[in-house]
Amino acid sequence: AQKVTQAQTEISVVEKEDVTLDCVYETRDTTYYLFWYKQPPSGELVFLIRRNSFDEQNEISGRYSWNFQKSTSSFNFTITASQVVDSAVYFCALTSYGNNRLAFGKGNQVVVIP
Amino acid sequence: DAGVTQSPTHLIKTRGQHVTLRCSPISGHKSVSWYQQVLGQGPQFIFQYYEKEERGRGNFPDRFSARQFPNYSSELNVNALLLGDSALYLCASSLGTSNTKNIQYFGAGTRLSVL
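Respectively, the protein sequence lines represent chains A and B.
What the first sequence shows, in this note's numbering, is residues 1 to 114, in sequence order.
What the second sequence shows, in this note's numbering, is residues 1 to 115, in sequence order.
No wet-lab data here; the hints were simulated from the structure.
You may find that some hints are simply not true.
Simulated restraints, written as ranges between beta carbons of each label pair [said to hold, decoys possible]:
| hint | chain 1 | residue 1 | chain 2 | residue 2 | range |
| --- | --- | --- | --- | --- | --- |
| 1 | B | L39 | A | Q83 | 18 to 28 Å |
| 2 | A | E56 | B | R67 | 17 to 27 Å |
| 3 | B | R57 | A | S12 | 36 to 46 Å |
| 4 | A | K70 | B | N71 | 33 to 43 Å |
| 5 | B | I103 | A | Q69 | 19 to 29 Å |
| 6 | B | R22 | A | F47 | 20 to 30 Å |
| 7 | A | S71 | B | S27 | 39 to 49 Å |
| 8 | B | G84 | A | A1 | 39 to 49 Å |
Within a straight-line C-alpha distance of at most 27 Å, the following computed DSSO-like cross-link-like pairs (lysine-lysine) qualify [said to hold, decoys possible]:
| hint | chain 1 | residue 1 | chain 2 | residue 2 |
| --- | --- | --- | --- | --- |
| 9 | B | K52 | B | K30 |
| 10 | B | K52 | B | K101 |
| 11 | B | K101 | A | K106 |
| 12 | B | K30 | B | K101 |
| 13 | B | K30 | A | K38 |
| 14 | A | K106 | A | K16 |
| 15 | B | K101 | A | K38 |
| 16 | A | K106 | A | K70 |
| 17 | A | K38 | A | K106 |
| 18 | A | K70 | A | K38 |
| 19 | A | K38 | A | K16 |
| 20 | A | K3 | A | K38 |
| 21 | A | K3 | A | K106 |
| 22 | B | K30 | A | K70 |
| 23 | A | K3 | B | K101 |
If you want the ones that stay clear, here's a sample from chain B, every Cβ over 12 Å from chain A, calculated [as the list claims (entries may be wrong)]:
| hint | residue |
| --- | --- |
| 24 | I12 |
| 25 | R15 |
| 26 | Q17 |
| 27 | S27 |
| 28 | Q44 |
| 29 | D62 |
| 30 | R63 |
| 31 | R67 |
| 32 | N71 |
| 33 | E75 |
| 34 | N79 |
| 35 | L81 |
| 36 | G84 |
| 37 | K101 |
C-beta atoms are modelled at their ideal positions from N, C-alpha and C, and glycine is treated no differently.
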């Protein structure tokens with residue numbers, strides 16, 4: 001079975017601060033994919049990033065960066081210099097090789113205070 | 001290009017009724033998946049369809065059914081509605097099911113309230 005744990009429920013930051021969201025996953029598969037999605041109040045899940053289990057290179061894309069550590073089964077996500085428009089619920093998700101069903105965590109509510 | 005579109009956006013039903021939710025995928029996408037999101041939780045996988053065939057089913061009762069049409073649009077049907085079926089129902093589309101095509105793009109959802 002696959003499981004994704006996002007321990008923090010609500011995180012409040014002041015605008016321009018950095019915010020890091022933790023994600024820990026469990027899977028028996030050796031090949032899998034990890035995702036981060038953003039859900040603003042409108043309800044639509046917006047795809048942010050995808051990593052596969054073979055690629056532990058951490059990257060930066062604009063104000064987003066992620067830290068994938070296979071040894072600790074963690075896939076953390078950081079928003080640098082947060083803005084009010086970043087206020088949303090962020091979900092970490094996992095799927096296996098050849099299987100398109102996403103297993104989501106409970107989400108992190110991020111509130112950016114102006 | 002249009003994203004994933006879902007209809008209706010909101011729906012109110014009473015217990016025991018039946019509901020049909022509709023989804024149109026992004027143009028060129030052949031796979032559609034359905035998820036249920038209860039308030040305060042992450043989405044839960046219900047079904048996946050690819051080329052009109054069911055490719056996966058989550059842990060939901062037989063009251064839930066779905067189908068995919070030749071134009072790749074999809075319907076989710078729920079019979080004998082229960083109060084616990086109240087949720088946001090999300091549809092997602094992807095190019096396919098292979099690993100290079102597995103990014104799922106979501107619609108804004110249908111919010112179902114069962115009274």
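Okay, the hints, checked on the actual structure:
1. L39(B) - Q83(A): 18 to 28 Å: holds, 26 Å
2. E56(A) - R67(B): 17 to 27 Å: Because 40 Å falls outside the window, the suggested range is violated.
3. R57(B) - S12(A): 36 to 46 Å: Between R57(B) and S12(A), where Cβ atoms are some 39 Å apart, the hint holds.
4. K70(A) - N71(B): 33 to 43 Å: Once the Cβ atoms are compared, 41 Å apart, the range 33 to 43 Å for N71(B) and K70(A) holds.
5. I103(B) - Q69(A): 19 to 29 Å: holds, 22 Å
6. R22(B) - F47(A): 20 to 30 Å: holds, 22 Å
7. S71(A) - S27(B): 39 to 49 Å: Since S71(A) and S27(B) have Cβ atoms about 41 Å apart, the given range 39 to 49 Å holds.
8. G84(B) - A1(A): 39 to 49 Å: Given about 22 Å between the Cβ atoms, the range is violated.
9. K52(B) - K30(B): holds, 9 Å
10. K52(B) - K101(B): holds, 17 Å
11. K101(B) - K106(A): Measuring from Cα to Cα gives roughly 25 Å; hence the hint holds.
12. K30(B) - K101(B): At roughly 10 Å apart (the allowed maximum being 27 Å), K101(B) and K30(B) satisfy the hint.
13. K30(B) - K38(A): With a Cα-Cα distance of about 23 Å, the restraint between K30(B) and K38(A) holds, given a limit of 27 Å.
14. K106(A) - K16(A): holds, 25 Å
15. K101(B) - K38(A): It holds: about 20 Å lies between the C-alpha atoms, which stays within 27 Å.
16. K106(A) - K70(A): Given pair K106(A), K70(A) holds - Cα atoms ~21 Å apart, limit 27 Å.
17. K38(A) - K106(A): holds, 12 Å
18. K70(A) - K38(A): holds, 23 Å
19. K38(A) - K16(A): holds, 19 Å
20. K3(A) - K38(A): holds, 19 Å
21. K3(A) - K106(A): Holds - the C-alpha atoms of K106(A) and K3(A) are around 10 Å apart, at most 27 Å.
22. K30(B) - K70(A): Roughly 32 Å separates the two Cα atoms, so the pair is violated.
23. K3(A) - K101(B): holds, 22 Å
24. I12: It holds; I12(B) is separated from chain A by about 17 Å at its closest Cβ, greater than 12 Å.
25. R15: Given a closest Cβ separation of 24 Å, the condition holds.
26. Q17: holds, 23 Å
27. S27: holds, 17 Å
28. Q44: violated, 8 Å
29. D62: holds, 18 Å
30. R63: holds, 20 Å
31. R67: holds, 17 Å
32. N71: holds, 20 Å
33. E75: E75(B) clear of chain A: closest Cβ-Cβ about 19 Å, beyond 12 Å.
34. N79: holds, 23 Å
35. L81: holds, 20 Å
36. G84: holds, 18 Å
37. K101: violated, 9 Å
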